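Enquirer: These protein sequence lines map, in sequence, to chains A and B.
Residue 250 in the numbering used here sits at position 247 of the first sequence, with consecutive numbering throughout.
Residue 258 in the numbering used here sits at position 257 of the second sequence, with consecutive numbering throughout.
FYI, nobody ran anything at the bench for these hints, they're computed from the structure.
As the structure is a computational prediction, the values presented were derived from the model and not from experiment.
The beta carbon of each residue, even a glycine, is placed where N, CA and C say it ideally should be.
Do not take every clue at face value.
As the list claims (entries may be wrong) - Covered by chain B, per the in silico footprint, the following chain A stretches (three or more residues, Cβ under 8 Å):
#1 71 to 84
#2 173 to 181
Unchecked claim - Far from chain A, some chain B residues (derived; all Cβ distances over 12 Å):
#3 A156
#4 E302
#5 A468
#6 D484
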Amino acid sequence: MSSAADTAASGGTHGLVRRSLAVGRTRAGLVITSIVVLVAVFGPFVAPESETGFVGAPFSPDAPETLFGTDTLGRDVWSRFLYGGGSVLWLSVLCTVAGVGAGLLVALVAGYSRTWVDELLMRTTDVLLAFPAIVLALLFLAVFEPQPWTVVATVAAGHAPRVARVMRAAVLDVAGRDYVRSAESMGLRRWSIRLGDLLPNVTGPLMVETGLRLTYSVALVAGLGFLGLSGLQADQADWGLMINENRLGFTVQPWAVLLPVIAIGLLTVGTNLIADGIARTSAGTDREVVG
Amino acid sequence: MHESERRVIAAAMEAGGRRNLSRRDVLRGFAVGSGALAAPSWLAACSAADPVGGSQSDEGGASGEPKRGGSLRMGAAGGGSGDTVDAHKPVDRPDINRVHQLYEPLLIRDATFELTPVVAESVEPNDDLTVWTARIRDGITFHDGRPVRPEDVIASFLRITDPKDPKVGAQLLSFLDRKGMKKLDDRTVEFALTRPSALFLDAISEYFQGIVPEDYDPNKPVGTGPFAFESFDPGQRSVFSRYADYWREGEPYLDELVIINFTDDAARVNALISGQVEAIESLPYGQISVVENDSKLTVLESESGNWNPFTMRVDAQPFSDVRVRQAMRLIADRQQLIDQVLVGHGKLANDLYSPGDPCFNDSLPQREKDLDQAKSLLKAAGQEGLQVELTTSPVSQGIVEAAQVLVEQARAAGVDIRLNQVDTGTFYGDDYLSWPFAQDFWGTRSFLAQAAQGSLPASPFNETHWADEQFVSLVKSAEEEVDEQKRCEMIQEAQAIEHESGGHIIWGFVNLVDAYSNTISGLDPNVAGHPLDRYGFRHAWFV
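Next up, chain A with everything else stripped away, as it sits in the complex (with noise of 0.2 Å):
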């Protein structure tokens, strides 16, 4: 690896990371994110009633015992929305990992071929996001049966055209640089110029692409979730699966209802104000650079 492209990588990222940290919506996203993602974690641990167990009638807002009354089968409700977070978080967090893996890796290859290769794997994407991700999830999953994996895949492979094509735009830059040339002609193979110069200069676009990616992967769990489509049994506890099974008695008993809808919501909130905040971030970088 070529020294220019070493510092590059760290103050790239490191600097990067610090100086978003730095700005207020990336912290109260962070916050944000964070409060959800201990609930969702922990929930279980310090949930009062079991996932699955009945504690009153069902849609009684104030069943004794309870702190937000029971839902459509008379569980807590309370309890039912500490244990439903993990399924949404870490399906949203495999899927936005596969989706953006898969991505840079197609904008890598592609970005930096400069031959028909670049032409078939691009035209390759423009058909596929011909198709809105959630029609391209529903026929996934209309022809594989919903397991917790075909959801990853579904959707990963929604977001893979999607960040091969601002990837690839982010590879095309760099692969025009003086140091990348330099280190073509100190022989280097293509694929360790890929990983050693072109990866680490594109870190800022990924991280916003990878937050970005993570709040559409929590809308499209939750949504895949509130059909009933994500491959969990029907009586796992999951705040997409909540919202819909407890739906028709939302005039009755809004609780069950709400408490998902709040964290899905806070959920997508705050991933997105940290990829806005880094992204924000690294757009000025851009500038001081070209400055």
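Given the coordinates of chain A, assemble chain B onto it according to the supplied hints.
Expert: For chain B alone, kept in the frame of chain A given last:
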């Protein structure tokens, strides 16, 4: 996915595929009872005391004399592009609703489960139940003004049992000799059976055995029902107008009936609350208190004999061991299932169907939850720590919910039930009737009629693969038995066998909960297992 959305998909799948006689056609029928005529015991809890089908005493218990006029809009649950107004092919609820308005069978079970003459004035058997004679009501006419003749009755039954295109009611009439129907005089028809059967009255008193003209054309539907066809937009709305020459004096009171389809439960309820419709079927349990608290609306709750069993295949592992079946039945906490799934709107069951049958065996002890006994049975069967897969599907309200409750109850007995949730199309697809452990929903029938549908080796929907020899021979003898008391004894003996070793877990009977606006009257509880007083709009009226 929510139930209503599934229904749309399932309906779409069905529309593309099998539209002839299927499981659901018969199931949705929620048919009636055996030849016996006494009122069922569970009526005591209902207020449906006024007889239906007399001359005109159906005004209900509501305020004052019925008034003429008005157009009633009704919110129907479900429906799709495959819907029909064919007299003999009703599949989903809106189809059944329409059939009740346009057509009438020879007899029907009334609000108290008693057989009441409709198109027929009387139906009498010979001494050995092989020949039945029906006399057509004097002066009854079709919507086009023509009188009902024996030729029309014979043509209707030939159409229903057409071997090339059997309709919903064909299976029930398997004992009918198609060539043996004879016109005796201008108002009398004779039916010959290929074997003696006390089930004949049940078979002809189904709503899907309506009498239609000899030249019946389902595209221009004509029947003898209280309302005549105006227009029909499948899955959207149906408009029917008052039939002025209807044979029940004064009825119907409404000038017009409009049936509007709602595939979404919440939308249906909102339409009622906002006054877009005057009545809705299937009020979701979660919304009952909303309607109850609205002084302009009334909740109509009817007990029924509808049941949603868990089905264990008696010829498949691990349920082929009777001890495992018994253990599973002991694991179920029936009251909790009713409380959590039906929000209390149901009645405790004892692993037996047909509670309304006058012969129903109520001397058997009520089965209660007994986890110790269940565990020791499982241990004896070598099935400690049993792991089974339960196939569930939102085929009817509360099915998937019941599965979730059973999973939780089984956990307490150390039995691990995994839920295999499939969509409605898959459930009734190729694997239907071969799932080792699944669920289903059934309507209100008498014992013999129900056994013929689901508990005999030759039954079309024997989900549990039940084929107990003694049971089969008892049911056969009961069907041929002329003496009612002897028939009852056989039925009770057969029920004792099912109670001891059958493959159903029958935990409760479902109450039907509907709602209507206080601007209308004349709808009362009805045990027939159909919503809104068995879609009794002929005796509904605007206050």
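Enquirer: None of the hints should be skipped; say for each whether it holds.
Expert: Now for the hints, and whether the structure bears them out:
1. Figure legend: the region 71 to 84 of chain A, annotated as covered by chain B; annotation consistent (3 residues with Cβ-Cβ distances under 8 Å, at least 3 required).
2. Here the region 173 to 181 of chain A counts 0 residues with a CB under 8 Å from a CB of chain B, which misses the bar of 3, and the coverage is violated.
3. Non-interface call for A156 of chain B relative to chain A: holds, since the shortest CB-CB distance, roughly 44 Å, exceeds 12 Å.
4. The non-interface label for E302 of chain B is consistent with chain A: the shortest C-beta to C-beta separation is roughly 16 Å, beyond 12 Å.
5. The Cβ of A468 of chain B lies farther than 12 Å from every Cβ of chain A, with a closest approach of about 32 Å, so its non-interface assignment holds.
6. At the 12 Å boundary, the C-beta of D484 of chain B stays outside the reach of chain A, the nearest C-beta of that chain being 47 Å off.
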